[in-house]
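Residues in the sequence shown are numbered consecutively from -6, following this note's numbering.
Treat the hints with care, since some could be wrong.
Claimed, not checked - Simulated restraints, written as ranges between beta carbons of each label pair:
(1) S227 - S160: 18 to 24 angstroms
(2) P(-1) - V216: 36 to 42 angstroms
(3) W21 - S227: 32 to 38 angstroms
(4) W21 - H275: 33 to 39 angstroms
(5) T214 - H275: 31 to 37 angstroms
Hints are computed from structural coordinates only; laboratory data are not their basis.
From a predicted model like this one, the values you see are computed outputs, not experimental measurements.
Just so it is clear, CB atoms sit at the ideal spot from N, CA and C, and this is done for glycine as well.
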Amino acid sequence: MNDAFPVVGLVAKRDAAALAVASELSEWLVRRGHEVRVDAATLAGIAGRGLGLLEPGGSCDLVIVLGGDGTILSVARRYAGGPPILGVNMGYLGYLTEVPREDLYPALLEILAGNYALEPRSLLEVRLERADGGVVEYLALNDAVMAKTALSRIIELQVAVDGKAVSRYRADGLVVSTPTGSTAYNLSAGGPILHPQLPVAVLTPICPHTLTLRPLVVPDTSVIEIRLETPEESVFLTVDGQEGDEMVFGDRVRLRRHPRPVQLLRTADPRSIFEGLRSKLHWGE
């Protein structure tokens, strides 16, 4: 057995199929001599014996995620800058997951033998600075979205990059996306598809009032500042589609690249970004 990953973390989506695979996989890894640590939610759903608890920020050499892109997003934020993450697709689109369920064990044998590659993906630090002085901080692997709720009117957002004014966006909202998230909400809002290794972020307005306001790509070393300038409208900040909070007049959101990327583990001969796009977006059909 290769000693590259002696301690393996395991996180499963909370459904019966993923938990069944987690139970089977944990036993397989233990038989091969690995120490297996499982997050609390997964541990509650499987009957594995002798498994340790995988704490947020806890020490392990590899995290295997059984689920879809949503599960990968939550794990990437939880273990930001930590061990590499291998995604096993138990969902649908699976942009971020590397291994199909049916290929799990052949792929793992190759990976545990040392045949793999690491692919860094940038994170955004998202800092919500309240007008009253409060601060809430998040991490985003995909995006941060400031948008009105269903019953709100158009909102105004003042945008600056590195302290330089860009524009006042009158729109339904604004998406700030990493390259990883460019195929998510950014794409639906008319933004560009970015190669995941580009050191950039993209600002894409949602249904702008002024049609000349187009998606803007900036270096990810920039500090992006967005101030809500619309009083008495319901606006929400959503991070990776999974967490966030309501914004009020005068609140600011500051975004910058997190110093440590997420390391996605790929097989030794991973599919190219273009293969993935052709498959998921049905290009050429």
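Right, here's what the structure says about each hint:
no.: 1; hint: S227 - S160: 18 to 24 angstroms; in the structure: holds, 23 angstroms
no.: 2; hint: P(-1) - V216: 36 to 42 angstroms; in the structure: holds, 40 angstroms
no.: 3; hint: W21 - S227: 32 to 38 angstroms; in the structure: violated, 49 angstroms
no.: 4; hint: W21 - H275: 33 to 39 angstroms; in the structure: holds, 34 angstroms
no.: 5; hint: T214 - H275: 31 to 37 angstroms; in the structure: holds, 35 angstroms
In summary, the structure is inconsistent with hint 3 from the numbered list given earlier, while agreeing with all the others.
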